[in-house]
Amino acid sequence: MPMERAAYQASLAVRITSPNPRVGCVIISATGDVLGQGHTQQAGGPHAEVMALRDAAARGHDVRDAIAWVTLEPCSHQGRTGPCCDALIRAGIAKVVASIADPNPQVSGRGFERLRAAGIEVEVGPGAAESRELNIGFFSRMIRKTPWVRLKAAASLDGTTALDNGASQWITAPEARADGHAWRARACAVLTGIGTVLEDDPLLDVRLVDTPRQPHLVVVDSRLETPLDARLFGPERKLFIYCASPDAARRAALEARGATVVALPGEGGKVDLAAMLRDLAQREVNELHVEAGHKLNGSLIREGLVDELLVYLAPRLLGAGRGLTNLGPWTALNEAIDFEFRSVDKVGPDLRVLARIPGRDSF
28 MPMERAAYQA
38 SLAVRITSPN
48 PRVGCVIISA
58 TGDVLGQGHT
68 QQAGGPHAEV
78 MALRDAAARG
88 HDVRDAIAWV
98 TLEPCSHQGR
108 TGPCCDALIR
118 AGIAKVVASI
128 ADPNPQVSGR
138 GFERLRAAGI
148 EVEVGPGAAE
158 SRELNIGFFS
168 RMIRKTPWVR
178 LKAAASLDGT
188 TALDNGASQW
198 ITAPEARADG
208 HAWRARACAV
218 LTGIGTVLED
228 DPLLDVRLVD
238 TPRQPHLVVV
248 DSRLETPLDA
258 RLFGPERKLF
268 IYCASPDAAR
278 RAALEARGAT
288 VVALPGEGGK
298 VDLAAMLRDL
308 AQREVNELHV
318 EAGHKLNGSL
328 IREGLVDELL
338 VYLAPRLLGA
348 GRGLTNLGPW
358 TALNEAIDFE
368 FRSVDKVGPD
378 LRVLARIPGR
388 DSF
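If you read the sequence shown in the numbering used here, its first letter stands for residue 28, the second for the next number, and so on.
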């Protein structure tokens, strides 16, 4: 099925296209032969349709009267690159089969209109669910105006994410840690809290899998306590520090180290987390990957800001310690926050559980 080939191409773009959507394209001749294929490159680089046209040209194929199968509506506007619609029209493509309309209001149906106006037949629908899921963060940013928030944690079977003394390295096996880095790599940004920064001095970069780009780092730091010599400072990524009441001297010192400091005061001297998500969306963050402590995890979940959980469960019992969140204690089961399992997979000796708030992806 050509759209399955296009979807595979789109999957190859998961770690590279941010903040653009992950798109694949396959060009098929009237006799069913593959003439060219490709996927969207890094921001500012060619989109999937252009890559497929280039691939066809490199193979010496004529694409006139061929069908382009693409996992998202071809763009019709001048962004970092030129409109893909124009490239398909110039190439003489006879038909475009697209999975789903682009939610970007700059496109959103205009690409299909331009193709049809040029006499190109357009079909929409095959592979829509798969394309939307692959680009859940892009759809979230365009429609909800907030990133898709995925909270990651590693825990024992009895729910302990760290001992009371803070020790947590390592609860899970190397395979789960590498898999966690793969999820970091697909995100636009990784978020943590000042408690984790002060206690663990983490890098929170992608090291265990190959990636052409490092996600941005976001720190929730109400009082600007981030040490100037923290390991999280680095030239390969942007660092955003969200605070509630910025001290001018501390702010200047952190900005001198390369951080972008954003003041978003909320109640009780804390950061307004909902406003932070809206601000991150304006900074083109599609998927936000959270790796924080139980306090920030609890705050995000309590405020309804977490869309899904990515939890690695190790086959061991650690007894009393720190949990995934500081929610509760509640007195009735109907106070619980419900999730639905989306997948449960074995990764090395551990389990990877992906659970989503029911209906959260219905925007």
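Hints are computed from structural coordinates only; laboratory data are not their basis.
Just so you know, not all the hints are guaranteed correct.
Derived SDA-like pairs: lysine to any residue, alpha-carbon spacing no greater than 20 Å straight-line [claimed, not checked]:
1. Lys179 to Glu202
2. Lys297 to Ala275
3. Lys297 to Gly325
4. Lys179 to Ala275
5. Lys172 to Asp299
6. Lys179 to Pro132
7. Lys373 to Pro201
8. Lys179 to Arg137
9. Lys322 to Pro201
10. Lys172 to Arg387
11. Lys172 to Pro130
12. Lys172 to Lys373
13. Lys122 to Arg137
Label pairs and their calculated CB-CB ranges [stated by the list, open to error]:
14. Arg117 to Asp274: 49 to 59 Å
15. Arg91 to Ala155: 24 to 34 Å
16. Arg117 to Arg32: 17 to 27 Å
17. Glu148 to Glu226: 52 to 62 Å
18. Gln196 to Arg81: 44 to 54 Å
19. Asp89 to Gly331: 30 to 40 Å
20. Arg329 to Ser38: 45 to 55 Å
21. Ala275 to Glu160: 15 to 25 Å
22. Ala275 to Gly375: 43 to 53 Å
Only a predicted model underlies this, so the values are computations on that prediction, with no experimental measurement involved.
We treat Cβ as the ideally placed atom computed from N, Cα and C, and that holds for glycine.
Starting from the hint 15 to 25 Å, judge whether the C-beta atoms of Ala275 and Glu160 obey it.
Violated - the Cβ-Cβ distance for Ala275 and Glu160, about 45 Å, lies outside 15 to 25 Å.
Distance restraint between Lys322 and Pro201, which requires alpha-carbon spacing of 20 Å or less
It is violated: about 26 Å lies between the C-alpha atoms, which goes past 20 Å.
For the range 52 to 62 Å, tell me whether the beta carbons of Glu148 and Glu226 fit it or not.
This hint holds: roughly 59 Å between Cβ atoms.
Holds or violated: 44 to 54 Å for the Cβ distance of Gln196 and Arg81?
Between Gln196 and Arg81, where Cβ atoms are some 45 Å apart, the hint holds.
Hint check for Ser38 and Arg329 - Cβ pair distance inside 45 to 55 Å
34 Å, violated
Does Arg137 sit within 20 Å of Lys179, going by the straight-line distance between their CA atoms?
37 Å, violated
If you draw a straight line from the CA of Lys172 to the CA of Asp299, is it 20 Å or shorter?
Holds - the C-alpha atoms of Asp299 and Lys172 are around 16 Å apart, at most 20 Å.
Lys179 paired with Pro132 [C-alpha distance capped at 20 Å]
Violated - the C-alpha atoms of Pro132 and Lys179 are around 31 Å apart, more than 20 Å.
Does Glu202 lie within 20 Å of Lys179 when you go C-alpha to C-alpha?
Holds: Lys179 and Glu202 sit about 15 Å apart, inside 20 Å.
CB-CB spacing for Gly331 and Asp89 relative to the 30 to 40 Å hint
Given a distance of about 53 Å, which is not inside 30 to 40 Å, the answer is violated.
Pair hint Lys373 and Pro201, alpha-carbon separation not exceeding 20 Å
The given pair, whose Cα atoms are some 13 Å apart, holds under the 20 Å limit.
Take the C-alpha atoms of Lys172 and Arg387, compute the straight-line distance between them, and say whether it is at most 20 Å.
14 Å, holds
In this structure, the earlier hints numbered 4, 6, 8, 9, 12, 19, 20, 21 are contradicted, and the remaining ones agree with it.
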